[in-house]
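**Student:** Just so you know, the sequences run in chain order S and U. Residue numbers for the first sequence follow my numbering, beginning at 1 and rising by one. Residue numbers for the second sequence follow my numbering, beginning at 223 and rising by one.
Read the hints as simulated data drawn from the structure, not as lab findings. Be careful, since some hints might not be right.
[Stated by the list, open to error] Listed next, with one range per pair, are the computed distances between beta-carbon atoms:
1) Val-243/U - Gly-39/S: 30 to 38 Å
2) Ala-140/S - Gln-344/U: 50 to 58 Å
3) Ala-280/U - Pro-41/S: 43 to 51 Å
4) Gly-354/U - Pro-41/S: 31 to 39 Å
5) Pro-259/U - Pro-99/S: 16 to 24 Å
All of these numbers come straight from a predicted model, not from anything done at the bench. Just so it is clear, CB atoms sit at the ideal spot from N, CA and C, and this is done for glycine as well.
Number of protein chains: 2
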Amino acid sequence: MRVLAVDPGLTRCGVGVVDGVPGRKLSLVEVGVIRTPSGDPTPKRLVAVEDEMRQWFARHRPEAVAIERVFADTNVSTVMGTAQVTGIVMIIAERLGLPVTLHTPTEVKAAVSGNGRADKAQVTTMVTRLLGLETPPKPADAADALALAICHVWRGGTQSRLEEARLEVLARTGSRGSGIPRRVPPGAAPPVQRLRAATTQPARTRPGTDRPQQPHPGAQPR
Amino acid sequence: MRVLAVDPGLTRCGVGVVDGVPGRKLSLVEVGVIRTPSGDPTPKRLVAVEDEMRQWFARHRPEAVAIERVFADTNVSTVMGTAQVTGIVMIIAERLGLPVTLHTPTEVKAAVSGNGRADKAQVTTMVTRLLGLETPPKPADAADALALAICHVWRGGTQSRLEEARLEVLARTGSRGSGIPRRVPPGAAPPVQRLRAATTQPARTRPGTDRPQQPHPGAQPR
């Protein structure tokens with residue numbers, strides 16, 4: 001699955017494209033930052049972001065889009081720009097028929113580091129390792145977009161696959177239960193359980209941590 | 223001057239188109255509300271708003287665009303949608319080379335009623351009178367967009383004309399003063415002063431009020 005992830009902003013907008021499936025090695029496709037001069041009128045800046053964003057979509061043809069979910073507890077004018085860039089990305093994705101998922105910063109940090117309150121340095125370190133890079137991704141402020149892409153490969157992918165599997169089970173058994181056991185012992189599990197085991201693998205096998213997998217504090221189903 | 227004015231929102235977005243110049247009678251071209259179902263995913267709703275908004279622009283070919291300026295002190299999710307619709311309108315206008323001006327609700331109310339704290343009923347009454355309508359405009363919640371358009375004809379037009387005049391004076395005299403007197407006695411005034419007098423006329427001659435023109439409490443230069 002190729003994910004295009006956006007850390008939205010009008011002055012700096014991080015964009016990261018990652019290839020990966022849950023349980024396999026992830027690979028970096030491209031990372032960058034779209035910038036617009038804060039002195040320019042907003043309409044001009046929005047058009048510039050839209051033009052450049054369309055080029056990202058055309059260049060990489062992603063299969064899914066992830067956007068960082070923003071809250072209005074920060075600076076008012078910043079939130080406006082962030083919301084507008086989020087809208088631009090949503091419209092491009094929708095017109096291409098691509099699914100859009102929002103993830104909160106806490107979800108992203110929890111997904112890549114196991115800690116929803118990880119700091120920027122920790123997130124960058126994990127992103128560097130998870131993508132098998134020799135040096136931290138540049139520009140530095142684009143690491144968040146890559147973390148978001150990784151989060152989406154694991155969480156977003158996991159969730160939609162689980163949902164598919166759940167519907168498959170429902171269709172087969174006619175049951176209305178959750179259909180998917182919470183914990184699966186390794187071994188000869190049925191397809192749905194193997195899927196669950198596979199999708200949790202990245203968190204277990206990721207380098208640089210020997211903690212067992214823990215529930216993500218900020219991870220709530222959307 | 224034909225103004226397309228937008229009271230932005232994702233669930234209901236008021237759109238009003240008005241023809242007019244400062245000091246002359248205003249006329250209603252079209253008023254309406256773009257609605258999207260709140261149950262739909264945001265990307266789908268944004269695309270629907272963009273599509274319909276583009277039709278408004280194509281149908282009426284406005285010369286200027288006014289958008290109500292929103293603040294983030296209201297509901298968070300509402301502000302996001304409002305900001306996103308504002309962004310959509312800005313991008314359409316910018317791509318058409320049209321000037322975009324934001325006016326605050328206080329500026330709009332002050333412009334049409336002389337009172338920045340006028341209630342909805344007062345604004346609707348004034349809009350109905352100013353546009354020479356026999357009945358209040360429908361749908362009712364689109365009256366705000368018309369008030370905004372009227373405000374823009376008077377304020378926006380005034381401001382840009384005054385700015386042009388100011389630059390003209392500067393170019394002619396080389397002075398760096400404001401160039402424009404605050405109050406102009408009626409009579410044989412030079413062009414800049416006649417312009418000022420003309421642009422304040424609507425507030426003096428509008429029907430339904432016998433108050434002398436007052437400074438607008440919420441009216442600040444942008």
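**Student:** Compare the structure with each hint and give your call.
**Tutor:** So, going through the hints one by one against the coordinates:
1. Checked against the hint of 30 to 38 Å, the pair Val-243/U and Gly-39/S passes, with Cβ atoms roughly 32 Å apart.
2. The hint said 50 to 58 Å for the Cβ distance between Ala-140/S and Gln-344/U, and at roughly 54 Å that hint holds.
3. Separation of Ala-280/U from Pro-41/S is about 23 Å and departs from the stated range, judged on CB atoms against 43 to 51 Å.
4. A hinted range of 31 to 39 Å holds for the C-beta pair Gly-354/U and Pro-41/S, which are about 34 Å apart.
5. Here the CB-CB span from Pro-259/U to Pro-99/S is close to 19 Å, well matched to the stated 16 to 24 Å.
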